[in-house]
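Assemble the complex: chain A is given as a structure, and chains B, C and D must be docked to it using the hints.
Protein chains: 4
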Amino acid sequence: MTAKRWRTAVSGYDTEHIQISGYRVRDLMRNLDFGGTLFVLYQQRVPSPQEARLLNAILVSVIDHGIVVPSVVARMVAASGVPLQACAAAGILTIGDTHGGAGEQVARKLCEEVSAARQAGRELAEHARELVTQARSRKQRIEGYGHPLHPNGDERVDVLVEMARELELLGPHLELALAIEDELAKQASRRLPLNIDGVMAATLMDLGFDWRLARVFVFVPRAAGISAHAVEEVRREPGWRVAARPDEIEYDGPSIRDFPHSAAEP
Amino acid sequence: MTAKRWRTAVSGYDTEHIQISGYRVRDLMRNLDFGGTLFVLYQQRVPSPQEARLLNAILVSVIDHGIVVPSVVARMVAASGVPLQACAAAGILTIGDTHGGAGEQVARKLCEEVSAARQAGRELAEHARELVTQARSRKQRIEGYGHPLHPNGDERVDVLVEMARELELLGPHLELALAIEDELAKQASRRLPLNIDGVMAATLMDLGFDWRLARVFVFVPRAAGISAHAVEEVRREPGWRVAARPDEIEYDGPSIRDFPHSAAEP
Amino acid sequence: MTAKRWRTAVSGYDTEHIQISGYRVRDLMRNLDFGGTLFVLYQQRVPSPQEARLLNAILVSVIDHGIVVPSVVARMVAASGVPLQACAAAGILTIGDTHGGAGEQVARKLCEEVSAARQAGRELAEHARELVTQARSRKQRIEGYGHPLHPNGDERVDVLVEMARELELLGPHLELALAIEDELAKQASRRLPLNIDGVMAATLMDLGFDWRLARVFVFVPRAAGISAHAVEEVRREPGWRVAARPDEIEYDGPSIRDFPHSAAEP
Amino acid sequence: MTAKRWRTAVSGYDTEHIQISGYRVRDLMRNLDFGGTLFVLYQQRVPSPQEARLLNAILVSVIDHGIVVPSVVARMVAASGVPLQACAAAGILTIGDTHGGAGEQVARKLCEEVSAARQAGRELAEHARELVTQARSRKQRIEGYGHPLHPNGDERVDVLVEMARELELLGPHLELALAIEDELAKQASRRLPLNIDGVMAATLMDLGFDWRLARVFVFVPRAAGISAHAVEEVRREPGWRVAARPDEIEYDGPSIRDFPHSAAEP
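Protein chains in written order, with this note's numbering: chain A, 1 to 266; chain B, 1001 to 1266; chain C, 2001 to 2266; chain D, 3001 to 3266.
Just chain A, same shape as in the assembly (with noise of 0.2 Å):
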């Protein structure tokens, strides 16, 4: 084995121009904003106004979320006296395969479905049904719908739907996620609407990322909100924090019990 040389196409430098798949870092600063860029750095391309404007509304919907998951790992982080970045580090530690990565799975399958429909030159509302028809008859969950903290439904959700209409970035994939959501309002009882996850997959889906970085949109913007509660953390709450109420940790495992001294002693 011999040692590889470093290549890579995201970016370079010389001592003096920066550029990012080519754009030097100069035009970048002066032409988009940080959507924008973003767009660049995974697309190689410049996105339109409207396409930069709904990736800062995706980025901008997920940015923070009040006291939940990642911002209280980043808390307890932040109160044993650690640097802010660390903080942010062990926060999106958490955007795991149950958060950010579920939103992976979304647009994976959106696509898979997408292609499939097109292939089978079937319609996107007619393929929905079928989809929601098999899921049902198999009692299979489709993800991407519900939210147990926002039962009702989620604001951001219709915004990022009335954002990509108005932008005319409303393609198949989203059509095909509110399709399903309509087919599952009309199969099941209840209304399961689309949440925050599967808006995001098929947004980007339709903007034309790889379902494989969905996570970064989540994890990148929300580095941003889990700092400002290591901030808060800090300034707000001295001494480290007690990681439960102490009568809300039960022990159950075995009792207490003598060392078994004649079978470990060495």
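Just so you know, these hints were derived from the structure itself, not from any lab.
All of these numbers come straight from a predicted model, not from anything done at the bench.
Idealized CB from N, CA, C, for every residue including glycine.
Everything hinted at is true.
Label-pair restraints from in silico Cβ distances:
id	chain 1	residue 1	chain 2	residue 2	range
1	A	R190	C	R2045	45 to 53 Å
2	A	Q43	D	P3148	50 to 58 Å
3	A	D14	B	E1016	50 to 58 Å
4	C	Q2187	A	R257	49 to 57 Å
5	B	G1253	C	R2045	34 to 42 Å
6	A	A116	B	P1238	27 to 35 Å
7	D	S3189	B	R1005	27 to 35 Å
8	A	Q44	D	G3239	33 to 41 Å
Just chains B, C and D now, with coordinates in the frame of chain A:
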């Protein structure tokens, strides 16, 4: 020690709404971009369009920088078969006191010196002259000037200074930072240009941010850049990375020696 | 969704005592070493002195390995001005599916194959022959054999096999692993020795651990090794690390190009 | 800036051997346990059996402590669908200045005061009396005494003190720490017992370790404990964790307010 109630003034949610500092996220999505929302998150007020634009330019300036420490770390973790958010977490851990924290100290120093000049009723240019004279007589380095990779100056710095001026956001901190640069050129034999840490520190202070936050504006955008590197590593470089070329590693500790059985045999 | 009570059977404490799986920590301190206590933590029983000794040898075998991926990452983070535990955290993030997880998959496979052989009433040597024949006909690699840095075999493997034998802890998993090694030598043209991942997997399974835990026995001891590297980096190598030699980095993306003002100007 | 050659005196390898500080890993596996090898790693010499035994007891003392900050963080990350080493990484990030670093400062202080007493030709008991008198007159807290969860003393401390005495390894640092405890009892109205941070600091210094390493002896063993928690979380607690009981979270920032369209509309 009793368990504490968790309090926050950062953001909150109920089943209907999510809000950041009292602003509904749905309104932030429609009215601000990512940079603008970051402003709300840390300053609890809506920025002017000029302030949001300058903050976006700051974020874009450090979004990526080719293959340097944070991206190498993220790539090595990625090559080890680890989810994307963990690669980003490892990479941002490197935004420590040497990098982002450098900006932090510059920001703090600029705040203190602007205050000191005001209290002394002294012009910033005059204050800069004193600072440089003093530093040179004590043979102290002034942080925020010079960059090993960009010895002749960094065009990102020029763009931020120009934008701050054009947007009428060039305040006392950047004024002082530039005055120090001028003095360094006058008093020293060689030009020591304001570097990216220095200009970020100065513009962030002029925008009203707390100096303790300086590194946030590095690791949040860089989380995006290093994620692009991590994704590329997985796609283009199969197998794990050799850490360094074998001929570059030198073991210079004690020579191989026999185990001192007499001393430590249990 | 209601908040859950936190439950644990791992360990507990009150104002007087701390216990692990019912054993008072004070008794564990007096009667077991670190390896032995790790055994209690994961198997809820006190190991025999032989079991504790073999587990210690496993831990020692991977405690450090010079300048390789985990230590390079820890060193780069250390050079960035970051506390020691964060350097260790970054380093152990690299013990992912490519390294520690490799052992995990070998462990799982050995468990399944030992069960399969038993169910089929087949000798392990015979089962090994089948496995190798099958893998070769399908051109599949059998994980746990061969090591790029130790092509002629790894003395740590030999020591663990010898110790397992001497301590009378060589069970069916290691027996099968060795039988596969023999078969590979017979059927293939070149020797493909059992590697450290393979022997760790086999001995840990013979000791009764769950295969899902295999990587714990790598990253816990290695946390010690990489911390030694992080400390050395800070003491001996002032300043931050250049990530790679400039002449080793190749940017191979699009060439520098002008910003398409017509397309993206807002 | 030219790229540096990577140097290390920690450990090295070639195709045949791996060695730590010149000792072949194969010899360490056969002759030392994990604690003993940790000693070699940080002190470059083979410990006596007594030293290895005391170091093992130190490691065991902090291997786990029920559901407290590090294990809660590791559990929350685990519940988010993240690999085991990333759960451990997040958990050990909490061993910061508030916890492990506390021990670090105690260790440093003990070193300095033992030196100061020697230079002044003063008995340690007398030096302790001065220190306590001085601290009380300045209303300063002496770190390393008192523990919120173990107000009446901690049996781990007693065991370490007893073992240090039995193994004839009770040196000046622990002697001074105990003398301070006695003085605190004499001069203060209530007993403020030596805590686990304090006793670890003192015994590690008596064993000859550098005070900068103190937290290593917390986060390395605790990586094992928190991994057990992470594994249990995944096995026993399906779904992701609610961060805190909703009725325990209080948002106390600005009230919901309308977006100031006039101010920020682009």
